[in-house]
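Letter by letter, the chains look like this.
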Amino acid sequence: MFLYIVEMVGAFAAAISGIRLASMKRFDWFGAYIVGLVTALGGGTLRDVLLDIPVFWTRSWDYFAVTGISMSVVIAFQKQLVRRLNMLLVFDAVGLAMFTVIGVEKTLAIGLPMWVAIAMGLITGAFGGVLRDILINEEPLIFRKDIYAMACLLGGVAYGVVMAFGGNAVACGVACAVVTLTVRVLALRFGWHLPMMHPDDDGE
Amino acid sequence: MFLYIVEMVGAFAAAISGIRLASMKRFDWFGAYIVGLVTALGGGTLRDVLLDIPVFWTRSWDYFAVTGISMSVVIAFQKQLVRRLNMLLVFDAVGLAMFTVIGVEKTLAIGLPMWVAIAMGLITGAFGGVLRDILINEEPLIFRKDIYAMACLLGGVAYGVVMAFGGNAVACGVACAVVTLTVRVLALRFGWHLPMMHPDDDGE
Amino acid sequence: MFLYIVEMVGAFAAAISGIRLASMKRFDWFGAYIVGLVTALGGGTLRDVLLDIPVFWTRSWDYFAVTGISMSVVIAFQKQLVRRLNMLLVFDAVGLAMFTVIGVEKTLAIGLPMWVAIAMGLITGAFGGVLRDILINEEPLIFRKDIYAMACLLGGVAYGVVMAFGGNAVACGVACAVVTLTVRVLALRFGWHLPMMHPDDDGE
Numbered sequence: 001m002f003l004y005i006v007e008m009v010g011a012f013a014a015a016i017s018g019i020r021l022a023s024m025k026r027f028d029w030f031g032a033y034i035v036g037l038v039t040a041l042g043g044g045t046l047r048d049v050l051l052d053i054p055v056f057w058t059r060s061w062d063y064f065a066v067t068g069i070s071m072s073v074v075i076a077f078q079k080q081l082v083r084r085l086n087m088l089l090v091f092d093a094v095g096l097a098m099f100t101v102i103g104v105e106k107t108l109a110i111g112l113p114m115w116v117a118i119a120m121g122l123i124t125g126a127f128g129g130v131l132r133d134i135l136i137n138e139e140p141l142i143f144r145k146d147i148y149a150m151a152c153l154l155g156g157v158a159y160g161v162v163m164a165f166g167g168n169a170v171a172c173g174v175a176c177a178v179v180t181l182t183v184r185v186l187a188l189r190f191g192w193h194l195p196m197m198h199p200d201d202d203g204e
Numbered sequence: 001m002f003l004y005i006v007e008m009v010g011a012f013a014a015a016i017s018g019i020r021l022a023s024m025k026r027f028d029w030f031g032a033y034i035v036g037l038v039t040a041l042g043g044g045t046l047r048d049v050l051l052d053i054p055v056f057w058t059r060s061w062d063y064f065a066v067t068g069i070s071m072s073v074v075i076a077f078q079k080q081l082v083r084r085l086n087m088l089l090v091f092d093a094v095g096l097a098m099f100t101v102i103g104v105e106k107t108l109a110i111g112l113p114m115w116v117a118i119a120m121g122l123i124t125g126a127f128g129g130v131l132r133d134i135l136i137n138e139e140p141l142i143f144r145k146d147i148y149a150m151a152c153l154l155g156g157v158a159y160g161v162v163m164a165f166g167g168n169a170v171a172c173g174v175a176c177a178v179v180t181l182t183v184r185v186l187a188l189r190f191g192w193h194l195p196m197m198h199p200d201d202d203g204e
Numbered sequence: 001m002f003l004y005i006v007e008m009v010g011a012f013a014a015a016i017s018g019i020r021l022a023s024m025k026r027f028d029w030f031g032a033y034i035v036g037l038v039t040a041l042g043g044g045t046l047r048d049v050l051l052d053i054p055v056f057w058t059r060s061w062d063y064f065a066v067t068g069i070s071m072s073v074v075i076a077f078q079k080q081l082v083r084r085l086n087m088l089l090v091f092d093a094v095g096l097a098m099f100t101v102i103g104v105e106k107t108l109a110i111g112l113p114m115w116v117a118i119a120m121g122l123i124t125g126a127f128g129g130v131l132r133d134i135l136i137n138e139e140p141l142i143f144r145k146d147i148y149a150m151a152c153l154l155g156g157v158a159y160g161v162v163m164a165f166g167g168n169a170v171a172c173g174v175a176c177a178v179v180t181l182t183v184r185v186l187a188l189r190f191g192w193h194l195p196m197m198h199p200d201d202d203g204e
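Same order as they appear, the protein sequences are chains F, U and W. Quick note: the first sequence uses the working numbering, first residue 1, plus one each step. Quick note: the second sequence uses the working numbering, first residue 1, plus one each step. Quick note: the third sequence uses the working numbering, first residue 1, plus one each step.
Simulated crosslink set (DSS-like; lysine-lysine; CA at most 30 Å straight-line):
id, chain 1, residue 1, chain 2, residue 2
1, U, Lys-145, U, Lys-25
2, F, Lys-145, W, Lys-79
3, W, Lys-106, F, Lys-106
4, U, Lys-25, W, Lys-145
5, U, Lys-145, U, Lys-106
Which residues of chain F face chain W? A partial, calculated answer using Cβ under 7 Å:
id, residue
6, Leu-50
7, Trp-115
8, Glu-139
9, Pro-195
So the derived label-pair ranges between C-beta atoms look like this:
id, chain 1, residue 1, chain 2, residue 2, range
10, U, His-198, F, Leu-186, 33 to 41 Å
11, F, Phe-165, W, Glu-138, 42 to 50 Å
12, F, Ile-53, W, Ile-110, 14 to 22 Å
13, F, Ile-75, U, Trp-115, 21 to 29 Å
14, U, Phe-165, F, Leu-88, 40 to 48 Å
15, U, Ile-53, W, Pro-113, 14 to 22 Å
16, F, Met-196, U, Val-174, 53 to 61 Å
17, F, Ile-75, W, Asp-52, 35 to 43 Å
18, W, Asn-86, F, His-198, 17 to 25 Å
19, F, Asn-137, U, Leu-186, 24 to 32 Å
20, U, Ser-72, W, Val-170, 31 to 39 Å
21, U, Arg-84, F, Met-87, 49 to 57 Å
22, W, Gln-80, F, Ile-75, 51 to 59 Å
These aren't lab readings, by the way, just hints derived from the structure by calculation. Even glycine gets a Cβ: it sits at the ideal position worked out from N, Cα and C.
When you get a sec, could you build the whole thing from the sequences and use the hints?
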């Protein structure tokens, strides 16, 4: 139950980020809702399609409801939201950690190896934002801005390390979530970036 | 048989819309054909992948043939097409209605609940256009312009309402198609729009 | 074993093309790696999802490793790469031919008809580049520039023709690869293009 609430908080924050970006592009209400929804459930959907397991949101409409709440909050409290960006970023980081754990565990549950599970944790956590950016026709932010997907990757590795040392599922999950969350929050706090690629020498 | 012809008319109109947009971007013949094809069958393909049922166009090449006809029509009769835009929009609305019904029925046929069926009706009807806009690198039109996906949504709801009152499959399908078509045509005729999101207060 | 090396050379060249385009957009290292990876395995992934067979890269991490090599090569030898563009283009054409054969054969292996196999050969060969261009937010190159997907298409047709004349799998595969490679290399050498669509008369 606690984990379910954490997941919904993450979905709420993800949907808000999608709806706010859609607002800046002057999408209509429907478009903004869809962009919010895709941000929240796109990563998990891509994971389920790649793993060939039933797409999770066909089993329960909670992501649709949470996106509706996000939508109402953006419309009613837009000004106040701007002042609470830090809170939203923390919610988003919590969701990132939770989504990563879910992605890793779903993959291991169907018997695939650890490195696939790490890839699926990353896809679950970070690809909702990639699909969002494709829908609003922008270059995906996570490919250019601070540490985001890298936090999922390190969280997934932490899961594998604890498992290799004989930790049970709870210990693995906690390690994964703590590492993902910590890396993401520290990256935000200290403005960590990955090195950029240099096109200059490229001659084109 | 009648329904099959209606479906092909819808595919024809959808492919035309994709090919014309690709023409404006100066794609080559192959690129324009692919964009037309994806507009016509993209929504149904996404639906089948999400439902984990065989992708419909691997069973018959009729969508490929219809897109070929659309292609020939655009190349040969481009000037005349511009004068018949209203007819194309009506064909497109007919296709939207038909696609929505197919999406709803395919979902109910595998035992998923009504709200998933409504979502899949909307995806079948409206996401071909979203994939088209992603391919030609534009912001998806349906997120900004008049009532399009909303017509599918209301049509799907009409299906559910008639079913809840004990209507048989034919009555449900007719209600769904009539509502989708009517809403879409009225929206075009009277320029109905959904409210837009406002970025102004957003501070970014 | 020989075929496996050819496939990896193709993946290497595809990943390089993705990483170089990501560099021009100033993506960070992680983003460039993902774009390279999607270019290399995106076509095959889409094929496997559409065919509803297990996604090939969940069975072996060789594409992930090859993309890592491509990444190192781009970072370490960027200047030299520009002088060896012709070699890269030949590698890429070799990969295109190999990917097309794999796509055709995987489709026939699950009992689908020849025309679906040709479509899947084309998707395997050419859609990695489409997904790459969607990720970096550009109009897909293959829809506007020289003969690329058309080479896969003709290669697939060659496969079908040899099969219709009673050729065994090896003969079919060789014919497909030779045609794809030849068409692609000749198109590059002589600057062959498909006719472009004309928007002028379009009135919009």
